[in-house]
Amino acid sequence: MSHERESMEFDVLIVGGGPAGLAAAIRLKQLANEKGTELAVCLIEKAAEIGAHILSGAVMDPRALNELIPDWKEQGAPVTTEVTEDRVIFLNETGGRKVPTGLLPDCFLNHGNYIVRLGNVAKWLGEQAEALGVEVYPGFAGAEILYDETGAVKGVATGDMGVTREGEQGPAYQPGMELHAKYTLFAEGCRGHLGKQLEEKFNLSNGVDPQTYGIGLKELWEVPAERHEPGVVVHTTGWPLPADTYGGGFVYHLEDNLVAIGYVVGLNYTNPHLSPFEEFQRYKTHPEIRKYLEGGKRLAYGARAIAAGGLQSQPKLVFPGGALIGDDAGFLNAARIKGSHAAIKSGALAAEAAFEAVTAERQRDELTAFPEAFKSSWLFDELHKTRNFKPYMKKGLWMGSLLFGFDQKVLKGKAPWTLHNSADHDKLKLASECPKIDYPKPDGVLTFDRLSSVFLSNTNHEEDQPCHLQLKDASVPIAVNLAKYDAPEQRYCPAGVYEIVRDDSGSNPRLQINAQNCVHCKTCDIKDPTQNINWVVPQGGEGPIYQGM
Amino acid sequence: MKILVPVKRVVDYNVKVRVKSDRSGVELSGVKMAINPFDEISVEEAVRLKEAGIATEVIAVSCGGAASQETLRTALAMGADRAILVESDAELQPLAVGKLLKAVAEREQPQLVICGKQAIDDDANQTGQILAALMGWAQATFASKVVVEGETLRVTREVDGGLETIEVKLPAVVTSDLRLNEPRYATLPNIMKAKKKPLDVIPAADLGVDVAPRLRHTQYSEPPTRKAGIKVADVADLIAKLKNDAKVI
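Here the protein sequences come in this chain order: W and R. Using numbering that gives the first Met the number 0, the first residue of the first sequence is number 0, and each one after it goes up by one. Using numbering that gives the first Met the number 0, the first residue of the second sequence is number 0, and each one after it goes up by one.
Keep in mind the hints are simulated off the structure, nothing from the lab. For each residue, glycine too, the CB sits at the ideal point set by N, CA and C. Watch out, some of these pointers could steer you wrong.
Reference listing, derived: stretches of chain R covered by chain W, where coverage requires no fewer than 3 residues with Cβ under 8 Å from a Cβ of chain W [claimed, not checked]: (1) 7-17; (2) 27-36; (3) 186-200.
My request is simple: use the sequences and hints to build the entire structure.
Printed below as a string of structure tokens:
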């Protein structure tokens with residue numbers, strides 16, 4: 000079909016309109032405008048509008064934004080709620096123990112940071128980018144990487160629209176478009192489906208640890224004014240997860256009586272009966288947590304995988320023709336529970352390297368200046384200091400906290416050792432060897448079921464299109480996943496996409512994939528025990544429509 | 000034949016709307032907006048008539064704030080030739096929109112206006128009819144098929160219990176129903192081209208019509224939440240519940 004596609008040339012193409020991609024776009028045009036040179040910068044985003052696929056906590060460290068847009072306050076950035084208090088609580092089943100602030104390592108302190116709705120920040124960054132002359136096209140997914148005759152990346156093709164479930168051209172068929180560029184920056188976020196292909200094609204992960212992930216689930220609540228404490232940041236660990244499972248919750252008091260509440264579960268969990276969604280629902284019933292929500296109303300729901308491996312798991316950032324930026328390269332700082340500042344910084348650094356290269360009339364080579372600049376940046380120092388956080392936490396909650404506390408408070412992150420990460424997908428134990436977990440039924444007030452939750456993500460997909468959740472081997476869901484692990488995809492998927500259905504007599508199980516429910520979190524692509532599920536982009540403009548998540 | 004297609008910027012149909020906590024309206028801040036789906040169908044029909052050589056020009060028009068330019072760009076990307084924004088930040092009710100569209104129609108002299116049967120935000124289902132009455136034109140509402148035969152339109156309408164086919168003389172107003180067509184996707188090349196198509200902005204005040212609201216909103220509220228269903232053990236249980244709890248038999 001490629002002969003039907005139109006194509007267009009740009010200097011720099013950016014795939015993904017999150018903080019990293021938008022920061023790169025903005026920095027490129029800033030530099031071009033400063034130098035008075037023409038620079039064609041195009042950014043595509045698979046969401047229907049910029050910000051609609053963004054889901055984050057989020058407490059934001061403004062350091063990178065200060066550098067990128069020093070007058071962001073005057074420019075009306077939706078970054079207004081300064082953190083007033085940090086509460087870190089170890090929860091047990093009935094109560095909690097607050098960690099005295101003096102004992103907290105620096106990375107847990109948020110003085111000077113802001114509680115934001117990152118989707119709104121992205122939307123605002125999108126407006127800044129457009130005002131600077133970036134061509135911003137939401138509603139178009141990068142579906143395919145294009146290579147030139149030397150094997151360098153020459154851009155991406157957007158997906159075809161109107162292809163039927165059987166893969167044929169339907170009445171509304173429209174071919175995708177080829178976007179060519181001197182350099183292409185991939186900013187798809189955690190576990191980008193193109194980033195994954197690039198890592199393989201260019202062996203970008205050779206010599207580094209496997210990436211390790213978490214799934215973050217989040218709800219936005221409007222609470223009674225008397226329960227609202229603007230600027231308060233609550234982080235918890237412990238209950239309801241067992242001590243051998245990495246995870247924790249957060250409650251962030253935003254502006255306008257809004258509270259963001261969420262839960263993160265490390266995807267290296269071992270019990271296939273575990274359900275991150277149900278853990279999150281149960282979490283809200285804890286007295287230390289429900290006190291913030293009672294009398295309130297849930298407004299929104301969503302979920303997203305996060306890359307937590309840090310420096311040890313970071314792939315090589317550049318390849319001929321482009322670079323990985325933001326969480327597509329795993330820039331998140333898991334210990335600080337934040338990554339938007341790192342995303343912005345990485346985007347800006349890549350942009351500087353790309354601008355310099357384009358100005359020197361280079362194209363489609365390796366932007367080696369980007370990783371070099373990263374290594375000498377504050378971001379590298381920050382990530383290096385906390386690099387052992389996730390590996391320590393593999394030792395369990397108590398030992399991990401103790402070791403990381405020692406590492407940070409006594410050694411100041413300068414431990415002479417670097418611990419290693421391992422992959423998440425092979426960690427599940429057999430279902431028969433693990434205890435079943437009896438999750439309470441949702442009450443419809445504080446706790447909810449999956450489907451009423453997915454409804455609040457505003458997700459939507461055309462049904463008559465090829466399934467965007469591809470199985471490499473169609474027999475695996477029953478022969479392996481169901482037989483050995485009691486079909487864990489039914490539980491780790493936060494959107495009810497995967498369902499084992501049986502006939503009337505309760506036999507002949509088969510896996511039904513409700514792809515239209517998908518919220519694009521990528522957890523299945525990460526956690527499937529045999530890596531049998533491949534997440535690819537559906538039609539552009541589909542998926543969740545998060546409103547400031 | 001010149002076709003005028005009014006389009007409205009509304010909350011995206013995929014987004015679940017929410018009443019503001021003070022019940023003064025629907026929360027619109029930060030909410031994703033899109034072209035009204037019935038207007039999208041109207042644009043598609045007009046563009047198809049142009050592609051069939053029947054129409055010579057398709058003009059999209061919207062009444063509303065500056066952000067409605069985005070909606071007009073969608074219409075342009077689908078194939079409209081040019082666009083007009085009648086700019087006003089005031090609340091515009093169907094009568095006001097009808098009057099503004101009349102003023103635009105008098106300037107542009109289209110032979111046909113195709114608009115959505117209703118907007119999915121206020122569901123008023125009035126603008127097309129009001130415009131036809133103000134213009135003194137024929138109207139064919141709830142169209143599921145439009146055939147142009149010289150100076151006559153043969154329009155199939157979706158009515159209760161079936162389809163009705165009527166003939167109206169041009170000039171006329173047609174309002175689109177859901178099954179009129181399946182709108183095309185705006186492609187990336189066409190979105191790029193649409194950025195360069197002409198879009199005129201006319202301040203609503205320049206059209207000299209009274210747009211003051213005639214209706215007053217007293218309160219907005221959400222529909223009552225549906226109670227969860229229950230499972231009954233057997234037929235006897237069901238009958239007992241229907242008799243004693245629901246008291247319907």
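* Asked: Which numbered hints turn out to be false for this structure?
  -> No numbers; nothing is violated.
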